[in-house]
Structure formats: structure tokens, C-alpha cells
Amino acid sequence: MCQTGSTRRHLSDSHSTGEGDFYLIARHRRVAVGDWSSEFPRGMGEQGEDPLTTAIDELHEETGLWAQPDAIRQLHRLHADAGMVQDDVRVMEMLLDSASSIPAVDSGHHGSDWELEDLQLLRSADITNMIRDGLHIDGPTIAACSIREIDKLSR
Numbered sequence: 001m002c003q004t005g006s007t008r009r010h011l012s013d014s015h016s017t018g019e020g021d022f023y024l025i026a027r028h029r030r031v032a033v034g035d036w037s038s039e040f041p042r043g044m045g046e047q048g049e050d051p052l053t054t055a056i057d058e059l060h061e062e063t064g065l066w067a068q069p070d071a072i073r074q075l076h077r078l079h080a081d082a083g084m085v086q087d088d089v090r091v092m093e094m095l096l097d098s099a100s101s102i103p104a105v106d107s108g109h110h111g112s113d114w115e116l117e118d119l120q121l122l123r124s125a126d127i128t129n130m131i132r133d134g135l136h137i138d139g140p141t142i143a144a145c146s147i148r149e150i151d152k153l154s155r
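If you count the sequence shown from 1, position 55 lands on 55 in this note's numbering, and the numbers rise without skipping.
Simulated from the structure, these hints should not be mistaken for laboratory data.
Ideal placement from N, C-alpha and C gives every residue a C-beta, glycine not left out.
The hints are all genuine.
Quick list of simulated restraints, FRET-style, between CB atoms:
1. Ser146 x Asp50: 18 to 28 Å
2. Ala71 x Glu149: 11 to 21 Å
3. Met130 x Leu75: 17 to 27 Å
4. Asp126 x Gln47: 35 to 45 Å
5. Gly34 x Pro69: 30 to 40 Å
6. Asn129 x Trp36: 17 to 27 Å
Construct all of the structure, not just a fragment, from the sequences and the given hints.
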């Protein structure tokens with residue numbers, strides 16, 4: 001991972017299935033806040049790595065899922081905190097064919113990420129309600145969800 005200079009992260013956003021649009025959310029253990037956080041799978045890429053490769057690799061590392069390059073698109077680019085860090089965050093939409101392609105949803109540990117467990121597929125309205133009720137407080141996830149919802153309105 002890139003520790004200096006510009007960092008590149010992706011936020012694994014929504015998944016369209018035959019049953020409608022869902023968001024893939026996972027619980028991550030976040031040492032910095034001493035608690036679990038419900039958020040989109042995400043991660044940092046290597047220096048010089050393109051965002052598409054980072055998105056595919058991070059999704060697989062955290063969930064065991066593979067996304068096809070033609071099923072991924074960049075929704076937005078942002079800085080998580082331009083006053084504190086130099087970063088280059090990409091919000092990526094990753095589409096899966098069906099919910100059945102997501103193994104063991106709502107079960108324990110997935111992929112190789114020791115901090116991640118409990119994958120959940122949630123509808124947009126469910127996430128909106130959870131944000132409103134203070135159950136989702138992860139800034140990057142709230143930003144990515146908002147960007148995805150704005151993108152849906154413009155289509």
C-alpha cells in the first residue's frame with residue numbers, strides 16, 4: 001500500500017441484481033475508533049495502480065468475490081479530508097449478476113481481511129434509514145451512498 005504521497009482508495013458501492021438494487025455492506029473492526037463500523041468494502045491501492053484494478057482486488061480480498069472489469073464504473077472522485085491528507089478517493093459502482101453470487105451473506109469471516117465480517121445486502125431505503133437513525137456513521141460510506149443515489153436520479 002502507498003503510505004506516502006497520494007493514496008488511492010476505492011469504495012465498493014452498489015450491486016444490481018435481478019431482485020433490484022442492493023448495497024453490499026460489511027462490518028469492519030476499526031482500531032482507530034475502538035469499535036465495529038458498517039461500511040462498504042474498500043481499500044488502498046499500490047502507488048501507480050489504476051482505480052479499476054484496486055477496486056477488483058479490494059472487493060476480492062474483503063469478500064472473496066470477483067467483479068468483471070466491464071461491470072465496474074467510476075461514479076465520482078473525491079478527497080476524504082483535503083485539510084489533513086493527500087488522497088485520491090474513487091467511488092466505484094460494481095455490478096453483480098444476482099444476490100446468489102454473494103456467498104454466505106450474513107455469516108462470519110470473509111476473504112482474507114481479518115477486520116471484516118457479516119456481509120449484508122441492504123436496499124437503498126434501508127441504508128438511508130440506518131444513516132438517519134445513526135446506525136451508519138462511516139463518512140466514506142455515507143458519501144459513496146449519497147453519490148450513488150444522486151447518480152441514480154440523473155439516469
